Amino acid sequence: MAYYRRVGSVPPKRHTQHRTPSGELYREELMGEEGFSSDSSLLYHSGVPSAIVDASPWDVPGQATEEHRPLKPRHFKLHDLTAPDWKAVDAVTGRRLVLGNADVRLSYVAAGEASPLYRNAVGDECVYVESGSATVETVFGALDARQGDYVVLPRATTHRWLPTGSEPLRLYVIEANSHITPAKRYLSRYGQLLEHAPFCERDLHGPTEPLIEDGEDVEVLVKHRGSRGITGTRYVYATHPFDAVGWDGCLYPYTFNIADFEPITGRVHQPPPAHQVFEGQNFVICNFVPRKVDYHPLAVPVPYYHSNVDSDEVMFYCGGDYEARKGSGIGQGSISLHPGGHSHGPQPGAMERSLGAEFFDELAVMVDTFRPLELGEGAAASEDPGYAWTWAGRGPRP
Numbered sequence: 001m002a003y004y005r006r007v008g009s010v011p012p013k014r015h016t017q018h019r020t021p022s023g024e025l026y027r028e029e030l031m032g033e034e035g036f037s038s039d040s041s042l043l044y045h046s047g048v049p050s051a052i053v054d055a056s057p058w059d060v061p062g063q064a065t066e067e068h069r070p071l072k073p074r075h076f077k078l079h080d081l082t083a084p085d086w087k088a089v090d091a092v093t094g095r096r097l098v099l100g101n102a103d104v105r106l107s108y109v110a111a112g113e114a115s116p117l118y119r120n121a122v123g124d125e126c127v128y129v130e131s132g133s134a135t136v137e138t139v140f141g142a143l144d145a146r147q148g149d150y151v152v153l154p155r156a157t158t159h160r161w162l163p164t165g166s167e168p169l170r171l172y173v174i175e176a177n178s179h180i181t182p183a184k185r186y187l188s189r190y191g192q193l194l195e196h197a198p199f200c201e202r203d204l205h206g207p208t209e210p211l212i213e214d215g216e217d218v219e220v221l222v223k224h225r226g227s228r229g230i231t232g233t234r235y236v237y238a239t240h241p242f243d244a245v246g247w248d249g250c251l252y253p254y255t256f257n258i259a260d261f262e263p264i265t266g267r268v269h270q271p272p273p274a275h276q277v278f279e280g281q282n283f284v285i286c287n288f289v290p291r292k293v294d295y296h297p298l299a300v301p302v303p304y305y306h307s308n309v310d311s312d313e314v315m316f317y318c319g320g321d322y323e324a325r326k327g328s329g330i331g332q333g334s335i336s337l338h339p340g341g342h343s344h345g346p347q348p349g350a351m352e353r354s355l356g357a358e359f360f361d362e363l364a365v366m367v368d369t370f371r372p373l374e375l376g377e378g379a380a381a382s383e384d385p386g387y388a389w390t391w392a393g394r395g396p397r398p
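Position one of the sequence shown corresponds to residue 1 (the UniProt record's numbering), numbered consecutively onward.
Since the hints were derived computationally from the structure, they do not count as laboratory data. If you're wondering where the values come from, they're calculated on a predicted model, not measured in any experiment. Check each hint, because a few of them may be wrong.
Once the Cα atoms are required to be at most 27 Å apart in a straight line, the calculated DSSO-like pairs of lysine-lysine come out as [what the hints assert, rightly or not]:
1) K72 x K326
2) K292 x K326
3) K184 x K292
4) K77 x K87
Could you put together the complete structure from these sequences and hints?
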């Protein structure tokens, strides 16, 4: 995200002396992407950011997936994954993996407990807040997260989630094996969001002041790559990692609320790329927000039937009344998976009902992947087995 920010105390010139009030040097740390060749920030620590006193294996829970067989449309009711003791569940270790491949993993959690300090060294995270609120404390400072926020956390950002409401903090977690950025076609060659983009820098909210905490022998869970896939390590740091008195640069966590996305509409139905907001390696993220719909006199506002020749389409329904899926059993907190190789479209009767509509009150987050998705344990625990047959109106043959 090539949008410069400066927070706290930094020296006038990078890589020069920056001293504490008592005369000691702060430790400068570069956090950067692509080996010094892309976006970065410089952080100034009072402690030594490399000083660990212990390291032990951490078994990251529930990362196994199974091949998607038989290939069919699927519906997952994610609210079924809410644990009875959700108040004791945290937003990191309580995640339930629903779908995943080598590029992206989609998880869900309903949390009420403060999470441990955590760092994802596999890729960026884009976390959608379905409901509830939280403070997300990071080494860059704190973010306030509310319903409808995307919380974008760059790879290897040390952070923790602190729920702040009385209701479950419901999070739809998109974890990449790469970096997540605004759609490139919205950006100038220097990284500014262009005039035709459906949002701008004013809509992105980063930390505004440093977050300083004292402590010794502080535990941080780190998810990272291993020879057999994703694994983890439990570090113990000599001092608290939240000790940066200032930072500046173009790499940092931020929030973006879905209500600030300005929908692109037309005389006839607009395809999903018109709704794109972010992208990662081999996947894109789109919003479907409340909007005026097609105004051609003969327009059919709901989507036409389409075959996902090159991608799997995953839709998370998080608000409103999704017109094309009426009669399918899908509701708030549902996910639909329409895999590559299968044609899909509106439910029976949806096209006729949509004729003459001027406005759709719907809210959904879509992830399109360009490699097949596999099923995680959260999928098996939340699947509606009858969804695939809803277009035909009858189940499989005896």
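A quick look at each hint next to the structure:
no.: 1; hint: K72 x K326; in the structure: holds (19 Å)
no.: 2; hint: K292 x K326; in the structure: holds (19 Å)
no.: 3; hint: K184 x K292; in the structure: holds (25 Å)
no.: 4; hint: K77 x K87; in the structure: holds (20 Å)
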